[in-house]
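Start from chain A and add chain B according to the hints.
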Amino acid sequence: MFVRASRRSIQVIATVASLVVACSGEPRAAARTPVAATGAIVVVDDAGDTLRLAAPAKRVISLIPSATETIIALGALDRIVGRTRYDVAKEVDNLPSVGGGLDPSTEAIVALHPDVVIGWDNDKRRAIRTKLATLNIPVFSLRTEDTTDIFHGIASLGKILGRDSAAAALASSIRGTIDSVRRAVAGRPTRSVMFVIYPEPPTTAGPHTFIDELIGVAGGRSVFSDSHDLWPTVSMEEVLKRQPDLLIVPQGEFKANAVDQFRARSGWRDLEAVREGHIATVSADLTQRPGANIGEAARALQAAIHPETSSTKAK
Amino acid sequence: MTHARPVLAWPLSIRLLVLAIVTVLVLIIAIRLGAVSMSTSALFEAVAGRGDPTTVTIIRQLRLPRALQAALVGGALAIAGATFQALLRNPLAEPYTLGVSSGAAAGAVLTVVTGWSIRTVWALPAAAFAGGAVAMLLVFRIAFSVGGSRSLDTRVLLLAGVVVSAFLIAIVWLVLTFADTDSVRSAIFWMLGSNAGASWRSVGILFVCFVPALVILCSLARPLNLLSIGEPTAAYLGTSVEKTKLVAFGTATLITAASVSVSGTIGFVGLIIPHAIRLVWGSDHRGLLPCSALAGAAFLVAADTLARYVAGANELPIGIVTALIGVPCFVWLLRRPGTQ
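Protein sequences appear in the order of chains A and B. For the first sequence, the numbering used here assigns the number 100 to the initial residue and increments by one for each residue that follows. For the second sequence, the numbering used here assigns the number 8 to the initial residue and increments by one for each residue that follows.
Isolated chain A, as found in the complex (with noise of 0.2 Å):
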């Protein structure tokens, strides 16, 4: 239960949380740079600690999925040497695994020779920066709460690995579908909503994520935007007494139809948004990895509050 319980946790961080790419300073790819020759990469982390690299990073493990995503879209899959088992993304099937996110294998990175490791700010024993600095591997980390974060964790990934400025479009393409989904739902009326991250105990997504803010791009508000936590476990009493009037359920977490899985569920089932099935799902894989598709989940989201202003169907 207990060991569940945090496994849970760990997924819903790692689809949620943040990155650190950390670059150590090899010299050696420095002269076959064509592009920014002039060689030096300085970036500070979201940790605060900063990254010198003598070149553009060639090797690169990341320990959070949506940095792998990102590393992805910026065009930089041959630079990935590694995964971990909490990637989803199939083009780093076939390579070699360091084990989870948080509690990767010391010895399988060095076996992999990384410039510069990708990791979670939120380790708050630092053991694998730790580790890893002792071995001269540096770490990176960064945070994906909110969009904030994510679009400065694509500068600094573009920064890394010598470009920034296919990080920079990929930047002012998400924007471009953010707005679109702001200007689709302009004037409708904000609908209450709130995000079930998981039924038992109740747990949404609190204000300064990007779910959270997300959900306000695509016309909708949560009923928990006044929460101090980022992920807050809230009661079932709490949830009836501010009624929203739709559940927005990450698919993954319900196979079977959402509907029927609440209706089934105390609480949950004197919810009016239940009684009367308003449930939307989304996919879990958009919004829960804070990386380069938040524009796809904008537009999840907004299908799932505004269906009638969507071409596509809510799932």
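By construction, these hints were calculated from the structure, which means they are not laboratory data. Warning: the hint list may mix true and false statements.
[Unchecked claim] Not the full set, but computed from the structure, chain A residues with beta-carbon under 10 Å of chain B:
#  : residue
1  : Gly181
2  : Val197
3  : Gly199
4  : Leu201
5  : Glu206
6  : Ala210
7  : Trp219
8  : Arg224
9  : Leu234
10 : Asn235
All residues carry an ideal CB built from backbone N, CA and C; glycine is no exception.
Frame of chain A; chain B shown alone:
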């Protein structure tokens, strides 16, 4: 306490020699296996610093300190468990009975939640050790105050350990209830126990604690033999009962706290290894303590190796491995003809 008749009447020197050979073999296997497996000869090359630099780094900076830390933690927990079982005259006694692990957890969780562990590398192990030591002092304080004299009632001590432990665990969960998700996850990872954080520094610190502790406890082997029969008997036969209890409890607790501070709480070793040695070779502490140290070391190195090897790069929590392989072995020992 199991006062089993020794099943194998080997001389002590032979027992120690056999266990030492087993421990060394297990260590060699442990250092060979991993993401990059290698032959024994390549292993000795790498230890000497020759060969592929990556292999050298993996062996010298990762596997060797990790295997040695597992050995020291296993040995420390086993002798602490043997000592607690003798002093408390309770077969269920183990190194954590007097609240050391709960105190260490409280210390560790406080550094995680306050963010101190992020700023200072040694904050978490230091706080865990301090927490374990404070828990021990608290338990002794309660036991002495109830006894009302200079004598220590081990029954009261046992109860004090249980309640202090419960209280500290309640504090841990109270703090974690209000902590952010990152802190909760980091704390749980720590509490599950692991040798993944081993470094030469942690091995050095443990070694410096372990050797004197082993010497002190072995020198108390005869008084421990008498105490495990009963305190009046021990006093009658010339043991300075109170002094022995204090020194033995203190030593066993501090070595446990040192182990917990580097590896978290690893269950089962301290409980089962001393019983296993008693079942095979009898309960004379002159043999029990050094044999438990070696057997505990070999057992935990083996468990740690399985934990990091069987599932590829995915590491299993070591407590799961110690119980999964330890329980069947122990039941087999218990059921063997000739036992009892």
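Hints versus structure:
no. : hint   : in the structure
1   : Gly181 : holds, 9 Å
2   : Val197 : holds, 5 Å
3   : Gly199 : holds, 6 Å
4   : Leu201 : holds, 7 Å
5   : Glu206 : holds, 4 Å
6   : Ala210 : holds, 5 Å
7   : Trp219 : holds, 8 Å
8   : Arg224 : holds, 5 Å
9   : Leu234 : holds, 6 Å
10  : Asn235 : holds, 9 Å
Hint violations for this structure: none, all hints satisfied.
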